[in-house]
Structures are given as C-alpha cells and as structure tokens.
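Here the protein sequences come in this chain order: A and B.
Just so you know, the first sequence maps onto residues 67 to 326 in the numbering used here.
Just so you know, the second sequence maps onto residues 29 to 204 in the numbering used here.
Since the hints were made in silico from the structure, they are not lab data.
Note that the structure is predicted; figures quoted are calculated from it, not measured.
Do not rely on the hints blindly, as some may be mistaken.
Simulated pairs of lysine-lysine, DSBU-like, Cα-Cα distance not exceeding 30 Å [said to hold, decoys possible]: (1) A:K96 x B:K176; (2) B:K85 x B:K35; (3) B:K85 x A:K96; (4) A:K90 x B:K35; (5) B:K43 x A:K96; (6) B:K176 x A:K72; (7) B:K45 x A:K85; (8) A:K96 x B:K73.
Listing some non-contacts, in silico: residues in chain A with all C-beta distances to chain B over 12 Å [claimed, not checked]: (9) A161; (10) H208; (11) Q242; (12) D244; (13) A246; (14) D254.
Facing chain A, from chain B, some residues (calculated, C-beta under 10 Å) [to be verified]: (15) Y41; (16) R60; (17) M68; (18) Y196.
The beta-carbon is built from N, C-alpha and C at its ideal position, and this holds for glycine as well.
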Amino acid sequence: MKEFEKNINGELNELPVYKVRPEKDQEILKAIDNLRVVGKGLARGSSTFYSLIYFNMKKFSSLLAAVVLVIGVVTYNAQTSFAHYLEEAHESLDALQAALADGEISDDEDVEGLIEDILENTEKAGEAAEDEDDFEALEDLHEEEIETFNKTAEVSDDEDLDEKASDAIESVEEEQADLAEERDEDEDEDEDDHEDEDGDDESDDHDDGEEDHDSSDDESEDDNEEEEDDGEDHKKDGASTPSEEDSEDESDSSDEELDD
Amino acid sequence: MKKFGHKQFVAEYHKVKDKVFTYLMYRVSFNRDIAEDLLMEIILKAYENLPKYDPEKGSFKSWVFAIAHNELVNYWRGAKITQSLDEMEELGEKAYSRYMADEETSKNLENKKVWQILEFMSQGDKEIIMMRFMDDLNYDEISLIMGKEPGAIRTQLSRALDKFRDLYQKFYPSIP
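Extracted from the complex, chain A is given alone in its bound form:
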C-alpha cells in the first residue's frame, strides 16, 4: 500500500497548478478593500443612528423614532463619512488610471474634472478621517495619487494639463504633511492621556489595593470565559455552512457503498 500511495502521490503532484488571472485577483483585492471601508462606515453610521433612535423613543414616541430612522437611512449616503469620500476618490483615480492606460490623455475637460474630483474627495476624506486605519488608507491613496499625477504630467503634451497635474501633486503633498501632523498630534494626546491614567491608577491602588486585586481577578475570569466562547466559535466557523452535515452525508454514503 505504501508504494502504491507513493505512486499516486507522485502522479497527483505533477498535475498542473492553476493561477488566478491578474484581473480577477485585482477584483478580489478591491472587493476586500471595499468590504473593509463599507464595514467601518456602517459601524460608525449605525452607532449614531441607534443613539438617535433610542433618544427619540425614550423622550417622544416610536413614530418619531421611525421618522428619524427613515431620514437617517435616506441621508446616510450624503453624510460626510470617510468611507464615502475615500471610495469617490478611488473611483475618479481609477478612471484617470484607465485613461492613462489607454493613452487617451489630453487637455480634455474630463481629465481635468477627474483631477479636481480626486482632490476634492481626498480633502474631504482627510477631514473625516478618525482612526489609524483611516490614516493608513489615506496614506495609500496619497501615494497612488502622486504616482498617477506624475504619470499624467509625463504622458500629456498639453501645458495646461501639465500644470494642473503639478498643482495636484503639490496639493496632495500638502495633504500628506497635514496628515502626518495630525497623526503626531493624536499620538501626543494618547501619550498624555496614558500618563494621566497611570497617575490616577497609582493613587487608587494606594487607597484600596484589595478591592483592585479582587476586580482584576474577576476580569481574568471573564477573559477566560471569553476565550472559551471564542474557541467554540472557531470550531463552528470553518464549518458554519452545512459542511459537517455534508461531510457526514458523504461518509455515510461511502459507508453504505462499502456495505453494499
């Protein structure tokens, strides 16, 4: 049997390996990125609307809460969310890159319009950025924009468009500098907060050390419970769709075949 297994192994290993086409690969990567951006946008948006609905239900009536919900859903897309502006900027950038790839770059107003759209949405995205993930996404966008604008200036024969592209690069570089500054400020604030918290904790520890000790025990117990829950999730999650049943079915059927 061992020899036979070896032969099968050898032969099956020689079967060709297939590769995903680059365009599909890009499509998948873009879909993952969109999922990340949309997921974050929804999480942020939903927490705001839940608060509004809760407030209205408590203070006024469920009817008013429903009105707020409808208005909220309708106006959600118009909100100044980071995800929205980032997506818009990427769309215009993709259109410009496609034009560059086709070699159809000129002083055409469409190209100038695309550059303006990119800059406008990038600026708004910069204003709406909140956390480290947003900053990272912006950083990637800025790099991609500078590369594309450089190429635009390189490919174009038109002076006006060259100038437009150069101005756009300057504008993005300014955005980059602002972003770096904002991140530094955030980091400083975080450090300050951390130091303050440390100071408070120390004084609390001195006041009632025993109580603190007890509560930390509670926390670690909670952590353990959570870990156990996660473990269960993991066991199920790979097979969260009906794989277990299916594989059991398969094995049952193969067993039946054998019995036959």
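Assemble chain B onto chain A, guided by the hints.
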C-alpha cells in the same frame, strides 16, 4: 485570541489564492469562470468572518480550505451535479476533454491515468484522495475541513485508496 488584521489577511490571501483556485478548478470541471466566482465568494466570506479566526487553532490555509469546501458543497447542491449515471458520465467526459484541451495539462499526458480513474470514483472518495495527495493537506487539516476526527479521515482515505487501486488495476492491468 490573537488579532488578525486587514494587512495580514491580504498577505495570507496572496499565499493561498492559487492553491485554493487549483482546488476549485479540479472540482468544477475546469471551468475557470465558475472557479473564479467561487474564489471571490470564499475570500469575501473569509474576510467577513475574520474576527472568528484564531491562528492558534489552525492554519489560515486550512481555515480558508474549510470555507472553500463548504462553498463547493453548496455549489454542487445548487448545480445538482449528482444526478443520473448517464449525466455523470457525460459530465466526466466533458471535464476530461476540457482537462486534456488545457495547454498546461497537455504537457503532462502521463498524468491522465490517475485523473481518468478519479473521475470514475464517488465524489467523497475522489475528494479525500485529492485533498491528501494533490492539495498536500495533512490528516489534521483535512479533519478540520471535513469536520471529522483525524482517525475517521485515515480510515476513509484507506478505503478510498483500496477502491482506487482496484480501478487502477482494472484499467491498467499491465502496470503493477
């Protein structure tokens, strides 16, 4: 549980994408469009479920393969592939001719014997042999993907190999 972030996911995706794609190609009669659509669904599903993935409990590869296996089962169920024997034979012939027409594959004509025999086996037996020898998955990984104990996987594989050997000797009696 360790956090598995976006960047790590993309890095791991690049490592496994061709393996998962090859796994799908051999199971959807070498139809590239279907395999690519399934791959997209699998990767997006994996991304959506990322918070549930724990690297300490299994490799990313085996986790994605488990999702792929489930998606494939759903696809087979939807496509109602397991119908009459005639239809099965017709599908097998189509798959075989598509396989032989493929430029990459035609370079490996010698491999046709193994493939031809696999096409005659039941889906469950074919699946476990391919997972072990073609996709290079070990017993633990297959057990995670199929949701069975490693011992049961060993037994199932051993039975599948017996059947494979019988068919092989029937088709090619001259080869030991």
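To see whether the hints hold, each was checked on the structure:
1. A:K96 x B:K176: Not OK: K96 (chain A) and K176 (chain B) at ~35 Å, beyond 30 Å, violated.
2. B:K85 x B:K35: Between K85 (chain B) and K35 (chain B) the Cα gap is close to 20 Å, so the pair holds against 30 Å.
3. B:K85 x A:K96: holds (28 Å)
4. A:K90 x B:K35: Answer holds: K90 (chain A) to K35 (chain B) is near 19 Å, not above 30 Å.
5. B:K43 x A:K96: holds (17 Å)
6. B:K176 x A:K72: holds (24 Å)
7. B:K45 x A:K85: holds (8 Å)
8. A:K96 x B:K73: Holds, at roughly 14 Å.
9. A161: holds (23 Å)
10. H208: Answer for H208 (chain A): holds, closest chain B Cβ roughly 17 Å.
11. Q242: It holds; Q242 (chain A) is separated from chain B by about 20 Å at its closest Cβ, greater than 12 Å.
12. D244: holds (24 Å)
13. A246: Non-interface label on A246 (chain A) holds, nearest chain B Cβ at 20 Å vs cutoff 12 Å.
14. D254: holds (24 Å)
15. Y41: holds (7 Å)
16. R60: Since chain A brings a Cβ to about 8 Å from R60 (chain B), closer than 10 Å, the hint holds.
17. M68: It holds, given that the least Cβ distance between M68 (chain B) and chain A is near 5 Å, below 10 Å.
18. Y196: holds (8 Å)
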